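If you read the sequence shown in the UniProt record's numbering, its first letter stands for residue 1, the second for the next number, and so on.
Hints in this document: simulated from the structure, not taken from any laboratory. Take these hints with a grain of salt, some might be off.
Mimicking DMTMM-like on lysine to aspartate or glutamate, the simulated pairs with C-alpha atoms at most 20 Å apart in a straight line are [what the hints assert, rightly or not]:
1. Lys-271 <-> Glu-179
2. Lys-271 <-> Glu-158
3. Lys-194 <-> Glu-165
4. Lys-194 <-> Asp-214
5. Lys-256 <-> Glu-153
6. Lys-55 <-> Glu-39
7. Lys-143 <-> Glu-153
8. Lys-194 <-> Asp-87
No experiment lies behind these values; they were computed from the predicted model shown.
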Amino acid sequence: MTAPGNGTLYVVATPIGNLADLSPRAAEVLGSVALIAAEDTRHSARLLRRLGIEKRLLSLHEHNEGGRIDQIAARLEQGDDVALISDAGTPLISDPGFLLVRALRERGARIVPIPGPCALVAALSAAGLPTDRFLFAGFLPAKEGARRTRIGELGAREETLVFYESPHRIRATLAALGELLGARRLVVARELTKTFETFLDGSAETLLACMEDDPDQARGEFVVMVAGAPAQAGESTTLEARSLLNALLEEGVGVKQAAAIAARLLGGRKKVWYEQALSLRDDG
Numbered sequence: 001m002t003a004p005g006n007g008t009l010y011v012v013a014t015p016i017g018n019l020a021d022l023s024p025r026a027a028e029v030l031g032s033v034a035l036i037a038a039e040d041t042r043h044s045a046r047l048l049r050r051l052g053i054e055k056r057l058l059s060l061h062e063h064n065e066g067g068r069i070d071q072i073a074a075r076l077e078q079g080d081d082v083a084l085i086s087d088a089g090t091p092l093i094s095d096p097g098f099l100l101v102r103a104l105r106e107r108g109a110r111i112v113p114i115p116g117p118c119a120l121v122a123a124l125s126a127a128g129l130p131t132d133r134f135l136f137a138g139f140l141p142a143k144e145g146a147r148r149t150r151i152g153e154l155g156a157r158e159e160t161l162v163f164y165e166s167p168h169r170i171r172a173t174l175a176a177l178g179e180l181l182g183a184r185r186l187v188v189a190r191e192l193t194k195t196f197e198t199f200l201d202g203s204a205e206t207l208l209a210c211m212e213d214d215p216d217q218a219r220g221e222f223v224v225m226v227a228g229a230p231a232q233a234g235e236s237t238t239l240e241a242r243s244l245l246n247a248l249l250e251e252g253v254g255v256k257q258a259a260a261i262a263a264r265l266l267g268g269r270k271k272v273w274y275e276q277a278l279s280l281r282d283d284g
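Please model the entire structure based on the sequences and the hints provided.
This is the structure in structure tokens:
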């Protein structure tokens with residue numbers, strides 16, 4: 001239960017590019033609270049100036065979030081309302097705020113979401129990929145080995161996969177997706193709601209060629225969406241998959257190469273196909 005007279009923490013979504021996307025309700029809340037906790041106070045100060053709002057800003061980012069909890073809780077207990085914003089989009093979605101919201105909720109604080117822009121939702125709404133089920137995996141690991149491992153772990157999932165990616169890693173990520181998931185359909189959304197908003201659609205190889213032809217397509221912030229694996233590409237062996245592997249083995253294709261071909265055509269992890277092909281070969 002929320003203690004009477006306590007303030008409210010508002011989790012406020014802010015524009016991901018186009019300032020006109022800020023809702024009237026969000027602007028009203030930002031203008032009314034006593035304090036705004038922001039991921040980057042310099043960035044947020046520019047937004048507030050454009051809105052004609054003057055408020056005290058408190059930095060809250062991944063390196064100091066735990067240390068801000070008591071400070072913000074004290075303001076709420078005094079009856080002050082506080083807004084939480086990130087640099088762009090909805091706080092907590094690959095942005096700081098989870099530790100704060102969890103801790104305040106455990107203390108009985110009133111927490112109110114002010115919905116609005118979110119890059120992954122905006123990208124999915126215009127991508128033309130299935131949205132009845134999707135898996136948002138945030139940013140892939142920065143190191144190549146860990147990134148490839150993560151892609152391999154997710155490769156057999158049947159839901160649409162969604163990642164965020166930065167400009168200095170987008171080419172490496174696309175190359176890894178192409179190598180590990182084959183010619184699966186990808187849609188890359190770039191610079192959403194901004195002047196140079198772009199959607200690229202095709203295989204990883206096609207998208208990399210587009211970026212080679214036009215280096216501007218590798219600049220900006222990205223949402224990478226990947227079609228889910230076909231249903232038959234899961235852990236179980238279907239009749240169609242067995243037939244394909246048997247045909248390849250009967251034609252003299254090696255187990256490792258047969259697994260690679262199956263993964264490219266049907267999706268899923270090469271390791272799973274390798275184990276299935278090995279079992280079929282051993283069974284004669």
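Results for each hint:
1. Proposed proximity of Lys-271 and Glu-179 is supported: the alpha carbons are some 14 Å apart, at most 20 Å.
2. Only pairs whose Cα atoms come within 20 Å are accepted, and Lys-271 paired with Glu-158 is accepted, the gap being roughly 17 Å.
3. Distance check on the hinted pair: Lys-194 and Glu-165 sit about 17 Å apart at the alpha-carbon level, within 20 Å; holds.
4. Proposed proximity of Lys-194 and Asp-214 is supported: the alpha carbons are some 18 Å apart, at most 20 Å.
5. The suggested pairing of Lys-256 with Glu-153 holds, with an alpha-carbon distance near 19 Å, which does not exceed 20 Å.
6. For the hint linking Lys-55 to Glu-39, the alpha-carbon distance of about 15 Å falls within 20 Å, and the restraint holds.
7. Straight-line distance between C-alpha atoms of Lys-143 and Glu-153 comes to about 16 Å, which keeps the hinted pair within the 20 Å bound.
8. Proposed proximity of Lys-194 and Asp-87 is supported: the alpha carbons are some 15 Å apart, at most 20 Å.
When each numbered hint is compared with the structure, no violation occurs for any of them.
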